[in-house]
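Participant: One letter stands for each residue in the lines below.
Number of protein chains: 2
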Amino acid sequence: MRKRIITISREFGSGGRYIGEKLAQQLGVAYYDKEIIARVAEETGFSKEFVEKKGEYSPQKSLFAYAFVGRDSQGMSIEDHLYAAQAKIILDLVKKGPCVIVGRSADYILRDRTDCLHVFIHSSPEKKAERIRTLYGKTEEESIKLMKETDKKRSINYNYYTDQKWGAVRNYDVTLNSGTIGIDKCVEILVEMAKG
Amino acid sequence: MRKRIITISREFGSGGRYIGEKLAQQLGVAYYDKEIIARVAEETGFSKEFVEKKGEYSPQKSLFAYAFVGRDSQGMSIEDHLYAAQAKIILDLVKKGPCVIVGRSADYILRDRTDCLHVFIHSSPEKKAERIRTLYGKTEEESIKLMKETDKKRSINYNYYTDQKWGAVRNYDVTLNSGTIGIDKCVEILVEMAKG
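These protein sequence lines map, in sequence, to chains A and B.
Quick note on numbering: my numbering labels position 167 of the first sequence as 158, and the sequence is numbered without any gaps.
Quick note on numbering: my numbering labels position 64 of the second sequence as 55, and the sequence is numbered without any gaps.
Please keep in mind that the hints were generated in silico from the structure rather than gathered at the bench.
Zero decoy hints are in this set.
You can't tell identical chains apart in this list, so a pair holds if it fits in one copy or across any two.
Under the rule of at most 20 Å between Cα atoms (straight-line distance), these lysine to aspartate or glutamate pairs were calculated in the EDC-like manner:
1. 186 - 175
2. 176 - 106
3. 118 - 142
4. 13 - 183
5. 79 - 33
Starting from the given sequences, assemble the full structure and let the hints guide the process.
Facilitator: Dropping the structure here:
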């Protein structure tokens, strides 16, 4: 396998995490998502819930506000510490062998390696809302709100730490619309691409 | 073949047109690029050179200026007439059977069909400049200038007529970085995707 490491960024409700799981299974490689959260919790002493809530999501409603959250004596906020811990753990995990990593700005953290395939999964608002409704038992209104808020927080976090724009074509080797292509076909295509 | 029509949008120097040609060959379907120019020239009476120069490229340096180019008594500019003629020809061509269409906002013109695969091919500025240098015998400086100007004009034209942003993830079913994936692998992946 030429592409040993696959990072998957995804819009909420696009099925990106599911695609990542299936892809790791089919390639027979490690899959990291909750694993990263557990390790960050262990290393930093924060609870898993806290890491999950803050590790990938901005608590603020704007990038401007995000830049000014409380700082310690080294000028670092809790979010900065979590980002640094996550980056270190991702760099450690990829040393262990081929894997699929979902979220957590892994595409940026591993941007200088040539053995990675950076993937972005997106879909139309209608298809995503439908998936959220079905999977999480939400109403249509709740689904749309959750989708918007989650992606907004993800993009603020990503844009702040990477100086890149979340979901911009040039950050990724491949982007796929899971709504028009189909989730199983996305997995099939990515298996082919991982082979190099 | 479930995806009967494949539209390819591409950054200048990314090899998108070459990928389109190879893809059409491998799928055994029609390939339209210069063909569209010839038909527009025939229908409108403009020369092929004129259609090629104006049909996909804004003559202006900004979207603002583009909106105010000379208009006829119906309020239409020459560019508006060319766009309308191109759209009509693309809609006619796809009635003939499966095909690959490169450029000319075909993704937008055919956006409501479900039998299309909309593709965007991009690459890093370094890789594109290298390809332009090799293919067109330009210096590095000339290559970078040509690349920037061509894509700027393409994006202004596209953004003006489609109300979408050229190269934005959500316009396309799939985007591929030909520089990291490799041109032949892009063709292979797209052949797989066209099968549905």
